[in-house]
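Please arrange chain V on chain B, whose structure you already have, making use of the hints.
Protein chains in written order, with the working numbering: chain B, 1 to 100; chain V, 101 to 581.
Bear in mind the hints are in silico, worked out from the structure with no lab data behind them. Treat the hints with caution; some may be incorrect.
[What the hints assert, rightly or not] With the C-beta cut set under 10 Å, the calculated list includes, among others, these residues of chain V facing chain B: (1) Lys120; (2) Phe122; (3) Ser126; (4) Ala130; (5) Gly147; (6) Arg155; (7) Val157; (8) Val525; (9) Ile527; (10) Ile532.
Glycine residues also receive a C-beta, built at the ideal position from the N, C-alpha and C atoms.
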Amino acid sequence: MSLTRVQVLHIAELAKLKLNDAEVDRMTQQLSAILDHAARLQELNTDAIPPTASVVPLHNVMRDDVIAPSFTRAEALANAPDQDERGEFFRVRAILKGGQ
Amino acid sequence: MEYEPVIGLEVHAQLLTQSKMFCACSADYAGAPPNTHLCPTCLGMPGALPVINQRAVEFTILTARAFNCEIPEFAKFDRKNYHYPDLMKGYQISQFDLPLSRNGFILIDDAGTIKKIGIRRVHLEEDTAKLFHDGNASRVDVNRSGVPLMEIVSEPEMHSVEEARLYSLKLRQILRYLGVCSGDMEKGAMRFEANISLRARGTTELSATRVEIKNLNSLRAMVHATEFEIARQTKILNAGGTVEQETMGWDEARNSTFTQRSKEEAHDYRYFPEPDLPRLEVSRAWVAEIEARLPELPDAKYDRLMRELGLSSYDAGVITAERDVAEYYDRAVDAGKARGVEAKTIANWVSGELFRLMKERNVEIGAVKIAPAQIPDLIALVNAGTISNNIAKNVFEEMFATGDDAKKIVQAKGLGQISNRAALVAIIEKIIADNPTQVAGYRAGKTALAQWFVGQVMKATRGQANPALVNELVADKLKSL
Numbered sequence: 001m002s003l004t005r006v007q008v009l010h011i012a013e014l015a016k017l018k019l020n021d022a023e024v025d026r027m028t029q030q031l032s033a034i035l036d037h038a039a040r041l042q043e044l045n046t047d048a049i050p051p052t053a054s055v056v057p058l059h060n061v062m063r064d065d066v067i068a069p070s071f072t073r074a075e076a077l078a079n080a081p082d083q084d085e086r087g088e089f090f091r092v093r094a095i096l097k098g099g100q
Numbered sequence: 101m102e103y104e105p106v107i108g109l110e111v112h113a114q115l116l117t118q119s120k121m122f123c124a125c126s127a128d129y130a131g132a133p134p135n136t137h138l139c140p141t142c143l144g145m146p147g148a149l150p151v152i153n154q155r156a157v158e159f160t161i162l163t164a165r166a167f168n169c170e171i172p173e174f175a176k177f178d179r180k181n182y183h184y185p186d187l188m189k190g191y192q193i194s195q196f197d198l199p200l201s202r203n204g205f206i207l208i209d210d211a212g213t214i215k216k217i218g219i220r221r222v223h224l225e226e227d228t229a230k231l232f233h234d235g236n237a238s239r240v241d242v243n244r245s246g247v248p249l250m251e252i253v254s255e256p257e258m259h260s261v262e263e264a265r266l267y268s269l270k271l272r273q274i275l276r277y278l279g280v281c282s283g284d285m286e287k288g289a290m291r292f293e294a295n296i297s298l299r300a301r302g303t304t305e306l307s308a309t310r311v312e313i314k315n316l317n318s319l320r321a322m323v324h325a326t327e328f329e330i331a332r333q334t335k336i337l338n339a340g341g342t343v344e345q346e347t348m349g350w351d352e353a354r355n356s357t358f359t360q361r362s363k364e365e366a367h368d369y370r371y372f373p374e375p376d377l378p379r380l381e382v383s384r385a386w387v388a389e390i391e392a393r394l395p396e397l398p399d400a401k402y403d404r405l406m407r408e409l410g411l412s413s414y415d416a417g418v419i420t421a422e423r424d425v426a427e428y429y430d431r432a433v434d435a436g437k438a439r440g441v442e443a444k445t446i447a448n449w450v451s452g453e454l455f456r457l458m459k460e461r462n463v464e465i466g467a468v469k470i471a472p473a474q475i476p477d478l479i480a481l482v483n484a485g486t487i488s489n490n491i492a493k494n495v496f497e498e499m500f501a502t503g504d505d506a507k508k509i510v511q512a513k514g515l516g517q518i519s520n521r522a523a524l525v526a527i528i529e530k531i532i533a534d535n536p537t538q539v540a541g542y543r544a545g546k547t548a549l550a551q552w553f554v555g556q557v558m559k560a561t562r563g564q565a566n567p568a569l570v571n572e573l574v575a576d577k578l579k580s581l
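This is chain B alone, in the form it adopts within the complex:
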């Protein structure tokens, strides 16, 4: 199973990574190798095994709907790369309204 360059570029875009040509070649090879390895698992006969979404032997781990103290704002903003002048908000580069 081999990935195409187009697929790799698409994955890079989704991951917000900028790759140069050499990196695209390398990633195409490496990701293909990973997929090939995973593909071997597909050969196993799993007819007798129920589908599962998790390997953790737990279920219904829930908490009561109770509020506990949160960070102070100063703590929350302490590691932010940028904040507004009043120290109230995280600040990020402009985003086009509705864009994604």
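Quick look at chain V alone, frame taken from chain B:
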């Protein structure tokens, strides 16, 4: 050609839990100063682990049952991956292929025609942070990040803007009955996404391409955007064109949709099971326990008020619009039974005077000072002839202002109706003696003047005379002149 719209809606409803979906921060972000309800989990810090809020799960199951949905025995959460500054972790925890519920429906009443609208699924996810765009920077308030969000997905079974509107209102009404969502659209507690396509009227195939409109933050925006989009697609099809599959945004200020994402850059969310959250096993006993908390729902209440209590469709509709009002009315009716006061008469007072005063004075039902049982007490005074219906309205206003009993107000203000024949006859005789001109007019054939005499009697008694008795006595007196 004539086209028929095919509309499907996704409604996001914020749940009224105390804490967030996956952490113990307060979910009440609306009035909170920015960035004060945050912890490592809702900030998406590495190593923080989410834990499911049990009440949010139960609210979702409760809602799903109110929408007649099936509740599968297994559910899980999944990661929906995308990058946007309102999403702290780079993914949203949502539900993909095993949601908490599926295959339900609600009924809408479109001008007397009852229509069933399918609900494909109700699932649970988390809200995102809030962005404020100002020029070359955007400010981020993360308080809303992680607030429990229930997504209600309809089947594409609405065929007019009106049906979409009625469906949305019905959802809102039920959510408010259940107490799971405030339904407050101004605060963003209910938000919409609409899928719209057109097809030739009379055909039943779904169009291969549909347009999705995101970010509809109110019912009004949903209605306007849907109207706009139907007109836009109709124009394209009439000109012989084809409608592109795309995702659009809604510009409220310009009242038009705009392209957000075309087909080529369609969603690629790479959903996968959320490894940090163990699966949910939803036992039938748990479902039964949650179901037992279902209140009488609006449709059932409406039917009961019409069928058992004989209310008009209008009265049943306005009284059941809000659960608190409906329950207030039910309590008044219960109290009325012992006093022989009819449910219909109580309905008239509630939908008439009570609603008028609540609206005029901007009072919510929860803050109304009149206790439900005080309404039949007032009506009983009218029925007994102690006060007239008009006086009763004044008494009701006084009750609304003070919360005092009708009886107490009537006594304190001396409002008891004058039903004393001799007293009324004396007043009538005096008025006749004082007004020879009118008497002459009446005798000359202007019989309508009888009402003028009645009016004078009411005036002389400051409205306290029993009107039926005054009518009778005035008629007798004038005839015997």
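To see whether the hints hold, each was checked on the structure:
| no. | hint | verdict |
| --- | --- | --- |
| 1 | Lys120 | holds (9 Å) |
| 2 | Phe122 | holds (9 Å) |
| 3 | Ser126 | holds (5 Å) |
| 4 | Ala130 | violated (15 Å) |
| 5 | Gly147 | violated (14 Å) |
| 6 | Arg155 | holds (4 Å) |
| 7 | Val157 | holds (7 Å) |
| 8 | Val525 | violated (71 Å) |
| 9 | Ile527 | violated (68 Å) |
| 10 | Ile532 | violated (75 Å) |
Hint check: violations occur at hints 4, 5, 8, 9 and 10; the rest are consistent with the structure.
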